[in-house]
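Q: Sequence:
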Amino acid sequence: MKPAPFDYVRAETLAEAHAVLSAEGSDASVIAGGQTLVPLLSMRMARPAVLVDIMHIAQLAGIVIEDDCIRVGAATRQAELLAWPELAAQQPLLAIALPWIGHAQTRSRGTVCGSIALADPSAELPLTLVALGGDVMLSSAHGQRQVGAEEFFTGLMSTVRADDELIEAVRFPVRLAGSGYAFREFGRRHGDFAIVACAAVAHGSGVRLAVGGIADRPRLSEFADLDGHALDDALDAFAIELEARDDLHASAEYRRQLVRRMGRATIEEAKCRV
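For reference, each letter of the sequence shown is one residue, going 495 to 768 in the numbering used here.
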């Protein structure tokens, strides 16, 4: 199929992008890497009247350390973040998770913020952002606001971003001393969206475990420093709480079992890395 007709605006400044979004509202879509949006356009599952290309806005490019966070601009491709020399030292969880995203070809085009904006519940970057407790930086013609990761994602490919807003950047907290990080994913093939993925952050008082691919958005649970049957019981309760769904790739019960088994393995790996 071919996309429905649309107008194209190549924004050169943030103010220009804001002006188009303010004027067009829900009839406009922002495009950066286009690795998810272009297929949606081709299948006519997305039919914007205007596409606003933000990849040429210099203000949105780059990776910097800011307030103990890695700030990734909206025009930064996934491959750029993966190749950033400081990544493994500054945030190991990102360094572990990024190679699981698609393939080298898609990472060379797809952007970090684009994956966050489209909010696929099986995508790795939204999951990692939630696990780390990161932030999303939104802006419009009316100003800027910062939203925590858990509040940003509201449902299946749904977020709190207003129609006239765009994501300027996302912020991933840097590695904390005395913390361990682990990421595991199960899918049909490497590069496919996850059937279930787990990201864990172990710290002095327990573990944060985020799970993707099973609910309508990444879900997070805080576990005390449990082991043995106590950890099994806690993971079982979390798996049931997620309200897994059946689909062509896996049954709900299979997904729950992956959360129990893979979740435990991810937690144990993170604790070993403290």
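Wrong hints could be hidden among the right ones.
Calculated pairs, EDC-like style, for lysine to aspartate or glutamate (alpha carbon to alpha carbon, straight line, at most 16 Å) [to be verified]:
1. 765 x 721
2. 765 x 719
3. 765 x 716
These are computed hints drawn from the structure, not numbers from a lab. These figures come from a predicted structure and were not determined experimentally.
Q: Of the hints stated earlier, which fail here?
A: The structure breaks none of the hints.
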